[in-house]
Amino acid sequence: MVQQVLPKGFEVLLGVSTDPQFGSVVMVGLGGTLVELLNAVSMRLAPITRQDALDMIAETPLQKACAGLRGVRYDQEEIVEALLNLSRMVEANPDITEVDINPLLLYGDGRKATAVDAVVIRKKSHQ
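Position in the sequence shown (from 1) plus 292 gives the number in our numbering.
Keep in mind that the hints were calculated from the coordinates and are not lab data. C-beta atoms are modelled at their ideal positions from N, C-alpha and C, and glycine is treated no differently. Certain hints may be false.
[To be verified] Restraint ranges, calculated between C-beta atoms of paired labels, are given here: (1) Ser417 - Arg362: 26 to 36 Å; (2) Arg414 - Ala359: 11 to 21 Å; (3) Pro312 - Gly360: 33 to 43 Å; (4) Glu351 - Val408: 15 to 25 Å; (5) Gly363 - Pro312: 39 to 49 Å; (6) Gly363 - Glu383: 17 to 27 Å; (7) Ala332 - Ala410: 34 to 44 Å.
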């Protein structure tokens with residue numbers, strides 16, 4: 293496998309899990325190893341709205357980081373769009389039971405966010 297070497301960026305976690313009673317749950321938080329250390333995540337039932345995405349970001353350190361971390365600002369809108377797209381994807385594909393994107397790298401220099409690692413799990417078909 294050949295992969296592009298990416299510069300360091302700010303790491304964000306995006307995910308979806310399935311609750312047997314409530315359905316798809318969308319999650320966002322600090323990514324990389326920070327998620328394991330701080331467990332700073334926010335969750336909502338899918339589908340989410342733009343306001344839900346903004347509220348989720350505000351409930352985590354992500355909003356503060358986007359506003360400026362060590363002199364670097366990150367585009368919060370990229371997280372909002374990623375959350376909305378993730379929510380739309382699981383709504384359109386009810387056989388998706390789990391999604392884990394960790395990390396989504398954000399850059400403070402105008403480059404687009406990049407998902408470095410992603411896993412999508414679907415229900416097994418009974419054929």
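Evaluation of the provided hints:
1. Checked against the hint of 26 to 36 Å, the pair Ser417 and Arg362 fails, with Cβ atoms roughly 48 Å apart.
2. At about 37 Å, the CB distance of Arg414 to Ala359 disagrees with the hint of 11 to 21 Å.
3. Between Pro312 and Gly360 the C-beta distance comes to about 41 Å, which sits within the given range of 33 to 43 Å.
4. For Glu351 paired with Val408, a C-beta distance near 24 Å keeps the hint of 15 to 25 Å intact.
5. At roughly 45 Å, the beta carbons of Gly363 and Pro312 sit within the given window of 39 to 49 Å.
6. Checked against the given bound of 17 to 27 Å, the beta carbons of Gly363 and Glu383, roughly 38 Å apart, lie outside it.
7. Against the hinted window of 34 to 44 Å, the Cβ-Cβ separation of Ala332 and Ala410 comes to about 20 Å, which falls outside the hint.
Checked against the numbered hints given earlier, the structure breaks hints 1, 2, 6 and 7 and satisfies all the rest.
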